[in-house]
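Given chain R's structure and the hints, the job is docking chain U onto it.
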Amino acid sequence: MTALVETEDLKKHYGMGNTVVRALDGVSIRVSEGEFLALQGTSGSGKSTLLSLIAGLDRPTSGMLRIDGNDISSMSGEELSRHRRQNVGIIFQSFNLVSTMSALENVTLSMMFDGIAKPERDQRAAQLLESMGLGGRQHHKPKELSGGEQQRVAISRALANKPRLLLADEPTGNLDSRTSREIMELLKTLNEREGKAIILVTHDASLASQYAHRTITLMDGMVQTELPS
Amino acid sequence: MTLGDTISLSLRNLRQSKLRTALTTLGVSIGVASLAGMVSLGVGLQEQILGRFLQSGVFDAITVTSPSLLGVPGAFLSGREAARGGLRGGGRGGSRQPGPTLNEDAVKQISAIDNVREAYPNLRVPVQMTLGDFSRAITAAGVPMSSRGEGTFQSLSYGQFFANDSDSACILSLDLAKQIAEHDPGSITDKSLTLSYAASHKDGDESDPGNVFQVRRVDVQCRVVGIVERDTSPLLAGGGGFASGLTIPLGLAKTIDAEVVANAQSFLREPSQPKSYGSITVKVKQAQFTQDVEARIRALGYTAFSVIDALRGAKNAFIVLDIVLSLIGSIALAVSLLGIVNTMVMSILERTHEIGIMKAIGASDNDIRRIFLVEASGIGLMGGLLGIALGWGVGRVINFGANVYIRSQGGTGGTLFSLPLWLVASAIAFSIVVSLIAGSYPASRAARLDPIQALRHD
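Those protein sequences? They're chains R and U, same order as listed. In case it helps, the numbering used here puts the first sequence at residues 1 to 229. In case it helps, the numbering used here puts the second sequence at residues 1 to 458.
Next up, chain U with everything else stripped away, as it sits in the complex:
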């Protein structure tokens, strides 16, 4: 029996019982739709979130820290490595060797690496911030001019970015601005606030230990030039963001950093010893160089971390999410497959006599089996196609509804459900394959029917 004849005979059988075929197909399509919908939701969310990562401009950034930071390299590094999801560890954690110091020389050294656009220290300076009645001890973050239009600074709620690197200006987060002026945060723009810090005494006599602790108070008047909508998360601080809510130009931060007395260590520092930074940010020319540059920085003995690492962790998280969503979607598919089995078993029961006739006039067991397998895969194919259409439609509706809601909450909408071609193709293929599996039991039951018994059956 040729394949063409098998197919036409199977389609004929499916047409014979239109209602049953239609209902079973509908069942399968609901299963496929739920599965495709769930996977599509997973993919859509992933694209949404990872897409925002990419847009944030932190993709080309590497945060470099010194392994000897905090003086407990082992403990610090192992924690850090663990946070990175155990991926590609620096391997220096256990050695407890003091690593190179992150100082201005290190910044220059790293800047010299191929494909590095710039490297700058991430300065966090402790200051007292005062504006009218509002006063708070806060950590001001220094950002380079190149951060303009990147990450957090993509959109400013009010005002604009710093005019130049040594500008006595600052940018507040919307949260912080609201704490100062709850109802009209925008009104703070252009106001001047005072940043105060303690500096070691300029005339301090090094030979007199008693004089070391003499400090003086320095006030810097800063104009609030802008207010940004959101803080970048601390994880992404390397991108020039800040967690405290106060940002100042990097030049200003360096000035303050050079003088500030933040802790006892600052007093004890040898004047000859160059000041070291907690971390520096390295920007590569293009995101594709990130991993390469990261590896080179590690080779120099530093600990390096980029958002790509975080993304890899995030991707793992999405794989888990996808699996969970697929499992939920699979339940409906499993139910609809039982529908296929049921339909086929019923159909075989109904057509027992016909199968008997076919076998008596020369159909082989394999002919009969193939007829039923083609019927099952036909249901699978139709169910798959219909399911994809259904899933797409429902996804669009939910997407539309969700976006309306997100916008009403002040967020930016996006594609929650993504239905790429590979998902369409694999959903249909999956539906056919699984239908074949579901149909294999009834088909072999039909094939094994004894012709004499089957002919007696009404």
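Same shape as in the complex, but just chain R:
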């Protein structure tokens, strides 16, 4: 399988006063097309930082990061934003929906930034919400939706521009166990049926082992273990 994501000696250092925080300190991983990878680690291990770099929300300090063969670190701001809206779909722990917009508007937003015409994006958003079982809740604001429903809206939004890679940062962290299972099943379905590659950041070892094809554990900004290797 071809490598969708490839990093080599990837480093991200933050200056905090006089000390340097080595959030990532030489990470080399490969994520294949259609793979379901779990990134595991304690808080501060660098797993979220790695996800941010792959998402194009931040730039690495050094090292190589290629998405689909394109080097992220050499991209301009404009190219990075295109990468974010076309290549990846991000799902957050706290859903990160725009509170003043309805479910439908939230899903159309990323398509709006991609310049897709209103009729087309409305139709696609409605379809996505329908497929998530939110057909009747399109015009509800995030506050009027349950946590699970909000995360489904967020997943719909992540899928809107048809990325090949989904990045999920603790997607079940704010959900109860039953809803968590539903969301994980949904991600699994997307991975299996639609061939979306998924990078799941979690601190829950059981979730990782149950759903991911492979689990990489980070510690102090470095890869500690890779299962199965």
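Since the hints were made in silico from the structure, they are not lab data. Glycine is no exception: its CB is placed at the ideal position from the N, C-alpha and C atoms. Mixed in with the good hints, there may be bad ones.
[As the list claims (entries may be wrong)] To give an idea of the interface, some chain U residues facing chain R are shown, with a C-beta separation under 10 Å as derived from the structure:
1) T2
2) G4
3) D5
4) L9
5) N13
6) Q16
7) N103
8) G301
9) G356
10) D365
11) D367
12) T412
13) L455
Quick look at chain U alone, frame taken from chain R:
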């Protein structure tokens, strides 16, 4: 992201915080209203005053003087040129060449220029005016019959204009009439007053120098045919007005002028030397020819001056007035622009998380910047429209009030505030542009937000 989507997203954001948008817009509109109101006042005053100039019928008049007048052409001309605001000088001031004499020949020469309707000398004759107990040494101004209905003579408070050019009649100014009969100036109309002057002795023997100074007193009975409301200012005397308050027909003035002994020079004048005039007035057929004719008269060697020159000076003065008024108006606009900056900065602070989300799902820095710039210009547009409406309304109210006051003081009302279309359009455009400038700092701040930090922000 398309422009349409940017606009709809921006409008959505503005609607989201209605109160804040409304208050900021109101602030901008007050700024625009004050600026537009001030400029409008400047324009209105200019139209009022220049309009009255145009109505006065002196617009087509040129005053011609001889450069050699007073015998010190340099000093006289330079003063004159300076008074004209340094515009288009005759350039003869420094040369000290004696210019052509302003005499009856000059009047004929100038009358022959194309588009000249008429040319006549401005005669000022010194006389003693007597009516009952009232007696005063005064300068009587001669006006041609063509001045009927023009300038000062547009409206007579009492009576009417001269019947003919050699009529033994006179017109007084209201001021002068009041000095004679304070409570009922109108009663002077139709009364006869005596104009006395000294004339050289008709039988004076030229060979006898001792006899030269013999003078005789001539009395002319003049009927007061009319009283005019106001004196024309001396500047506009070329229009046939007068500053002393006493006007007589030009024919009568010529008669007196031919005989009067006003000063020692009159005695010494060679009889063969034709009498020269201090200045002559040239009327052109239409105001548009004024400058052309003025240039031709200058080419003949005379000094020429028209109200157009004065108007040009006045226009410069109005430009200064407009600038001062605009600056005053701009203060309110500047304050309201700080309001825009404040509103936008607050709005960005409030929406930091939302901006983070937008950037995370693919909005570019430019998308974010444009959203906020469109918001700012939206406030500018609404503020501009509302401001113009507000300015117009307030202007109307002040105009109405001012006119009531002016009329109560016996003046004629007019439009003090003028709001031409160009002012409406430029005020709105200005408001948008300035709002964009005000919004550019907050917008680029929003665009530069780090998405990860912004997402952590609540």
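Consistency of the hints with the structure:
1. Contact between T2/U and chain R, as hinted, is supported at the beta carbon level, the nearest pair being about 6 Å apart and thus within 10 Å.
2. Residue-level restraint check for G4/U holds (minimum Cβ-Cβ distance to chain R is 8 Å; threshold 10 Å).
3. Given the 10 Å rule on beta carbons, the hint for D5/U holds: about 5 Å separates it from the nearest Cβ of chain R.
4. With its C-beta approaching chain R no nearer than about 7 Å, L9/U sits inside the 10 Å limit, and its interface hint holds.
5. Interface restraint check: N13/U against chain R, minimum CB-CB distance 9 Å, threshold 10 Å, status holds.
6. Among the interface hints, the one on Q16/U holds; its C-beta lies about 6 Å from the nearest C-beta in chain R, closer than the 10 Å criterion.
7. With a cut of 10 Å, the hint placing N103/U at the interface with chain R is violated, because the nearest CB-to-CB distance is about 84 Å.
8. The criterion of a C-beta within 10 Å of any C-beta in chain R is not met by G301/U, whose closest approach is roughly 73 Å, and the hint is violated.
9. With a least beta-carbon distance of about 8 Å to chain R, the hint placing G356/U at the interface is held under the 10 Å criterion.
10. For the restraint placing D365/U at the interface with chain R, the shortest Cβ-Cβ distance is roughly 5 Å, inside the 10 Å limit, so the hint holds.
11. At its closest, the beta carbon of D367/U sits 6 Å from a beta carbon of chain R; the interface hint therefore holds under the 10 Å criterion.
12. This hint is violated: T412/U has a C-beta 59 Å from the nearest C-beta of chain R, more than the 10 Å allowed.
13. Contact between L455/U and chain R, as hinted, is supported at the beta carbon level, the nearest pair being about 6 Å apart and thus within 10 Å.
Figure legend: structure checked against the earlier numbered hints; hints not met, in rising order: 7, 8 and 12.
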